[in-house]
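Protein chains in written order, with our numbering: chain L, 1 to 94; chain P, 1001 to 1498; chain G, 2001 to 2484.
There may be inaccurate statements among the hints.
What the hints assert, rightly or not - Some, not all, of what chain P presents toward chain G, calculated at C-beta under 10 Å:
| id | residue |
| --- | --- |
| 1 | P1069 |
| 2 | S1155 |
| 3 | R1160 |
| 4 | I1390 |
| 5 | P1391 |
Note that these hints are calculated values from the structure, not bench results.
From the three backbone atoms N, C-alpha and C, an ideal C-beta is built for every residue, glycine too.
Chain residues, written in single-letter form:
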Amino acid sequence: MISEQLLYSLAGVGLFGIGLRATLLHHMLLLRLLALNVCGAGVFLIFIAIAYSGVELMADPVPHALVLTGIVVAVSATAMALALGRRLAALNDE
Amino acid sequence: MDFFDHLPLLILLSSLLPGLAIFLVREENHLLRTSLNLFGAFTKLGLVGLMIWGVFHEWVTEMRWQIAPGLELVLHADALSVVFVTLSTVLWLVTTIYAIGYLEHSPHRSRFFGFFSLCVTATVGLALAGNLFTFVLFYELLTLATYPLVAHKGSPEAVRGARIYLTYTLGGGIMLLIGVVWLHTIAGPIDFQQGGVLSGLTHLDPWTLRWIFLFMIIGLGVKAALFPFHGWLPQAMVAPAPVSALLHAVAVVKAGAFGIVRVVYDVFGVEYADALGLLPFLGAIAAFTIVYGSVKALSQDHLKRRLAYSTISQVSYIALGAAILGPLATIGGVVHLVHQGVMKITLFFAAGNYAETLGVHHVSEMDGIGRRMPATTMAFSIAALGMIGIPPIAGFISKWYLGLGALQAGAGFWVIPVLIASSLLNAAYFLPILYRAWFKPAIVKWPAEKAQTGRWEMPGALMWPPVITATLALLFGLFAAAPFSPLEWATLIAGREY
Amino acid sequence: MMNDAIIWVIVIPLLGSLISIIWSRYASIIAIISNLLALAASIIIVANVYQYGPFNHALGSWQSGLGISLRADALSSILLLMSMIVISAATFYASAYFTDPVKRARFWPLWLMLVVALNALLLSGDLFNLYVTLELLGLSAVALTALSDTRAALQAAIRYLSIGLLGSLVFLAGVALVYMGYGTLDLVALSHKVQAEPLSQVAFGLMTAGLLIKSALFPLHFWLPSAHASAPAPVSAALSALVVKVAVYILLRLWVDVFDLVLTPLSAMLLGTLGAIAVIWGSWQALQAQRLKLMAAYSTVAQIGYLFIFLPLIVALPEGPVQDAAFTALLLMALTHGFAKSAFFLSAGVIQQYCGHDRIAELGGTARALPLTIFVIALSGVALIGLPPSGSFLGKWYLISGSFQAGQWWWVPVIAIGSVLATAYVFRILGYAFGPGESVGRVLNRGREEIPALLLALFATLILGLGSFELWDFVAQHSEFLRG
C-alpha cells in the first residue's frame, strides 16, 4: 500500500505540475498568478508530507514553519502582482 | 642601485603624469600645455640617456609587480629595449614640437596631447616589457591610446578609419593574447631572455609551439601591417599628420615589428625557431609583404597613402631580418627599426607640411614644389633616397646588412632578389616625386596656399622637425661605425643573442 | 562587536527603510547614512574573515537546525563588500536623480529593503533563508523596476515578477526534496552529507533550474533586457550589477559546496555551453540595440555567460592552485562586471537626464557636454570588453588559460568573438558621443551624479586590474570548498 506520506507528496508534485503547465501556457496575468499559487500549494503540500513522522510521534515542526513563511511570501508576491496589474490596466485605459 | 632600478618606471611616468595633467588643462591655456609636453619629453630624454649608459655597462635594471599567480608585471631594460625606447623618445620630442605647430588653431588640443602622451607611455612600456604578460598589457593599452588620436578630427571619415583600425588591432590583440596564454599554460611565465627561453624547455610539443607562434605572429602582424593584416594602415591615414607620422610610421607599426623581434629572439631563440621551421614561414610572409606594399604604393596618387603602403613594405624588412638565421641579418633587421623610423617620419612630416601650407595632398599636385618649399623638399628627398637604399643614407646600411646576412645564411637566392626588386620599386615610386618636385615647373596655383609669414617657407615648428630627422638619417648612415650609433647597438644586440 | 557586524549589516538598512517610510522628507539622508554604516560593517566583516577565517552567527542563539544561522566566508564577504560599495555609490547618485517627491518617497524604503535582502542573502547559512531572501530581493527589485510608472516598465515588472516567482518555486521544490532526504537545511552540514542519489540529483536539477531563471542564463534571459532597460538608472545599476550576481553566487555555492558530489561534468558542460551561447547572443543583441540602457542590459546577459563558462573548467581542473586560480578569476570577473556595469548604468542615467533620451544614434555632442560621464563610459567599457588594466582582463586570461589546461579549447573562440563584439558595441557609443551634434540639456547636480560612477569605474578598470593580488591569496586560503 502506498503510504500516506508518499500519497501527499505525489499530490504535491501533481499540483506543482498542473500549476507549472498553466503558467507556461497562459499569458493573462490573473491566470498565471492563480497557476503560480497552485504551484506554491503543491510545494507546500510536499513540505507537509515531509513533516509526517508516523502516527505516534509529533510532526516535525520545521517544515511547518517553512510552509508558513512560504505562504506569507506567496501572498505578498500575489498582492504585488495584482497591484501592478491594476496599475497597468489603469495606464492602458488612459 | 635603487634609483637605477626604478628607472623604467620613472621613464613611464615621465610621459604618463604630464599626459594625465594635460587632460585637465583648459583648452586656451597653451603655455601650460606646451610646458607640460616639453617638460615630459625632455625629462624622458634625460632618463633614457641614463638608461643607455647603464645598459651599455651591463647594469641590470628591473622592476617587478605581482598581479596574480603566475602573472607579473616586469619592466626590464636590455639592449633591444634601449634601442626602441630611445627611438620613441627622440621622435616623440620632435613630433611634439611638430604637432604644436601643426595643430595651432585646432580644437581639442588638450585631449589630443593627453592621448599623445598616453600613447608614448604605452610604447615605452611595451619597449621596456620584460615578459610576455607585460608586453601584451601595453600592446592593448597602445591600441586604446591611439584610437582617439586616429578619430581626432571627428569627421565621419575619421570615425570610420578609426573603427577599422580598432577592429584590426583589437582582433590582433586577441590573437596575441590567445598565443601568449597558451604558451603560459604549457611553459609557465616567460621572461624575455637573450638567446630565447623555449629552446631550454625540451618537453614542449613542437607542433603546439608552431601553433602558438602562428597566433602570436598574426597578433603582432596586425600592428606590424604584415600581409594580409595590413588593411587598417592606409585607412588610418585620415588622422592628423603628426599622428600619422609618429604612430603609424613609428610607434604602432614598430611595436608590432618589435614584438616579432622579441618573440623570435628572446622567447623562442632564433636558432630554436629555425629548428622548428618557423623562420622560413615568417620570411615568406615578410618577403611577400615587402613586394606587395611597394607594388601597391606605385598606384597611389594620394601622398599619405603612398607613404602608408611604403611603410607596409619597409617594416617587413625588420621581420625579414628576424627570419634569417645569422648575426648579420639580425643586425640589418634591428638597425632598420631605427633607420626606417627616422626616414619615414621625415616623409610624413613633409607630407603634413605640404598639406598644411599648400593644401597639396596628391602626388600629381606636387609639380615644382621644391622651389616653393625647399627645406621640406630637401628633407623629403634625403629620406626618399634613403628608402631606396642609396648610400650614404641610413637605409642603405640596413639593406646592406640584410643582403650580407642572407648570403651568409645561404638564403641569398630568394632574399637578394626581393631586396633588389623592392629597391627598384621604391625608386619607381619615389624618384618620380622627386623629379616632379625639383625639375618640373610649378602649377599655376596651389590648392590652398597659406601666406608666407616670416623668413622661412613656413612656421619653424613645422619646418625644423623634418630637417632634423632627415639629418639624423644622413648621420646614422655616415657615422654608422661611431660608438652609440644605431648600427653599433644592433651589433651589440646580435652579439648578445648568438 | 566584530561578530555583531554581521547583524548590523542587515539590521541597519532595515531600520533605515522603516524610518524612511515615517520620515520621508529626510529619506535620502537616512539612506545615505544607513548605507555608509552598512558599508563600514561589511569592511569589518571582510577584515574579520581575512584574519580569522569564516565564521558563523546563530540568530537569537538558536542552534542551527531550528534557528537561522548567518555565515561569512571569503566568497560571500567579498561579494558583500562589492555590493555595499556599489549600493553606496548608487545611493549618492539616486539622491540627486529623483526629482519627483512622490517617486522619491517610494524609492528609498524599497531601495533599503533591496539592500537588506542582498546582504541577508549573501550571509545566509541555510537553504531556506536563501529562499526567503531571494524572494525578498525579487519583490524589492520588481517594485523598484515598476517605479518608472510607464507602460513598458510595468509590463517588464510584471513579467519579471511572474518569471521570478516561478524560479523561486522551482527552487523551493528542490529545497523540500533536500530536507526530505537529509533532514537539515544548513549549508555546512549539507556539504558533508549530500551524496549522489536520485533524490539529491532531482533536487539539484530543480534548484539549478530555478537559479538559472534568476540569473538570466540563456535561454531563460528573456525577462532581463526589458526590466533592466526600463527601470530608473540607479535601480538598473543595482539589478545588473548585484541582483543577477547573487543568483549566480547561490548557484556557485550549491555547486561547489553542497552538491559537489552530485554534479556531473556533463551538467557543467551544459551550463558552460549555455553560457557560451549567452556570450555571443547577448553581445550580438547589444550591438543591435538602439538604446543605451537596452544595450547595457544585453551586455549583462553576455557577461553572465562568461561566468558560466568558468563552471566546466572548475569542474574539470584538478584540485589545487590551478582550480583555485580559476575560481578566483570567476570571482574577479563577477566583481569587475559589478563595478563596471553599475558605473555604466549610472552614466547612462546621467546622459538620459541630460539629453532627455538614451538613443545611441543621437548622442552626438555629449562628449563635449559631459566629458566626465563619457570618460566613465569609456572606462567601464574597457572593463566590459576585457582590456587591460581591468580586472576582467585577468579574468579572461585565466578563462583562456583554464580552457587550455582542461583541454576544453573550444571556449577560446567564444571568448574571442565575445571580445570583438563587445569592442564593437562599446566603441559604437563612443563613436557617436564624440561625433558632431548639439546637445542641450538641463542642469545636473554634477558632483553627486557623476563622481560615484567615476569611482565605480575606477574600481573596475584600475584597482581590480592592478591591485587585486591579495584576492587570490584570500580566496585560496579561506574558502571552505575546493578542499574536499
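>> Of all the hints numbered above, which does this structure not satisfy? Sort the numbers upward.
In response: Of the numbered hints given earlier, those the structure breaks are 4 and 5, listed in rising order.
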